[in-house]
Amino acid sequence: MAILNKHKIYVQDVTMRDGMHALRHQMSLDDVATIAGALDRAGVDALEVTHGDGLSGSSFNYGFGSHSDLDWIGAAADAVEKARITVLLVPGIGLADDLKDAYGAGARSVRVATHCTEADVSRQHIRVARDLGYDTACFLMMAHMTSTENLVQQALLMESYGAECVYVVDSAGAMLPADVTARVTALREKLKPETEVGIHTHENLHHGVANAVAGIRAGAVRVDGSLAGLGAGAGNAPIEAMIAVFDRLGIQTGCDFTQLSATADDIVRPLMDRPVRVDRESLMLGYAGVYSSFLRHAEKSAGDYNVSTSEILVELGKRKMIGGQEDMIVDVALDLITARKAAS
Amino acid sequence: MTFKVAIIGSGNIGTDLMMKILKGSDELEMGAMVGIDADSDGLKRAADLGVPTTHEGLEGLRALPNYKDISIVMDATSAGAHMKHHPVLVADGKQIIDLTPAAIGPFVVPSVNLNENRGESALNMVTCGGQATIPIVHAVRRATDRLIYAEIVASVSSLSAGPGTRANIDEFTQTTSRAIEKVGGAKRGKAIIILNPADPPMLMRDSVFTLSQGGDEAAIRESVARMVEEVRTYVPGYRLKQDVQFETIGDNAPLNVPGIGRVSGLKTSIFIEVEGNADYFPSYAGNLDIMTSAAKAAAENWARAHNVEAA
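These protein sequences, in sequence, are chains A and B.
Number 218 in numbering that gives the first Met the number 0 belongs to position 219 of the first sequence; there are no gaps in the numbering.
Number 244 in numbering that gives the first Met the number 0 belongs to position 245 of the second sequence; there are no gaps in the numbering.
The shape of chain A in the complex, shown without the other chains (with noise of 0.2 Å):
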């Protein structure tokens, strides 16, 4: 599948995907239902319909899902008449038998996500997405923590799998814009001219739009954002902004900005049991480069084991733990008691 129209941007949301670790994965049909229908009436490419860790991950150590994914993707495809639906997978966590049945559920997009230095678990995803007519796009997470001379290795495996555009990631909202146009534009010089290349930011440095913009300026076409920033950490690129600033820039996008922030602030920020914003926590997730996903669940057990939340993800960053290993915060938690018992 080609994009869209080649002559303008593609604009990504995943409020619904995103959005849900900002939600602990708690969202009501009908909301996706509301906020899909508003999205696609804006002029939104795709939305991103699927439990914040991807398919298939409900579970203990990400969080259960209000519903299972197939039953939110059917909700947001039956709302939309433009817009495609996209899921995402975790090889890993998904499988990739699980993009089959959200494909019957309606889904037409994926990004298939690795860590940035483990493209190489992708390739049977990619193979069986394309095999199933997917728009196919992946996403190198994380991707702060390798080299560009590396990010683009891999970003040419997964190319070589079938990969249609390839995402530079900034999972912990820890770049800056000088970051992003350093990995796009060696991204964009190394690929294949017919392969994408997309990006995805986190306003953890708050620099969540201007990285938006450094990455399409350096090259990339697809590009990702939120209503009301909802998303990990402190959120991603607020979409009302984002698209309020390429009009600003003269970045053809064809969605008009204020009807996206009316969503945003009447049926978005409403759903927020915390606040999405910068704060000493999410703050903290962008200056240590740490997994923006990790913030509610080092808040849970920062309750439990009355210890900080800012001190369980200094310690996450210190360790290199990386997306998917939320397992590790309790460990930390239970470690900073074990050392403050022996210090005291």
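Label pairs and their calculated CB-CB ranges:
1) B:GLY249 <-> A:MET271: 23 to 31 Å
2) B:GLY49 <-> A:LYS99: 46 to 54 Å
3) B:PRO86 <-> A:ARG126: 27 to 35 Å
So the derived list for chain A, only partly shown, Cβ under 8 Å to chain B, looks like this:
4) SER67
5) THR116
6) GLU117
7) LYS319
8) GLN324
9) VAL329
Think of the hints as simulated: they come from the structure by calculation, not from any bench.
The C-beta atom is built at its ideal place from N, Cα and C for all residues, glycine as well.
Use these hints to put chain B onto chain A, whose structure you have.
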């Protein structure tokens, strides 16, 4: 008497297994090391240590002069290759110990179900993550009335995950999930694997989360501690990293467990660390060590049973 063993697969797993058998076994001795790459480190090492070798795969093994003396064939190749090896080895009357995720024979986890599968001509060793976690799942099962759900997260260093694992990561998750149910005794199982590239490499870590009903915390804690000691008899670097953690899931806030629906009970979290014995691969690769240690234990158990029959 001792029984002669052939190992097919001269990669990390096969070579580590060979080193363990050479290092000392009362029941086993190396009969052959089989690969498909003459230059592989495993085959070179075997030849240096006086083990008969072939780089012509299963057919090369069958052509070795001592093939008839080999009782046990341990397959450390891939699920796809094992599917082809299995019928030939059965026809030749060999006892098979399968270290791939092919899962033709019954799943075997030594500390849980070794004796009940003694008569089977082919034993499957599940996966490294399964070997590290299913004993714990079973420990919770035996201390409770109902084990509704068990989930495991296996984190291994990137360097210890070979190309076979990487190309077929779904085989790991699916095989492990099935074995959590069949061997561990959970109504529903889920497995997650993470490859972490940190340098220096992290030790293998395994977390087990269960949801059970009936039975108390003290009984679960005691059962888990007993099981850890049992596994340590064949994997010395296996240890409980933290105290067992509990959380009551009340009827007012049930979990929506996939395949089960809304359910309450007791959540138990168990954190395991596996340090390898560094027989071939460095100690961080506890995932390789626990697989080869379990396979060796299964082969020795078979050998002991046959010595009893012979006596």
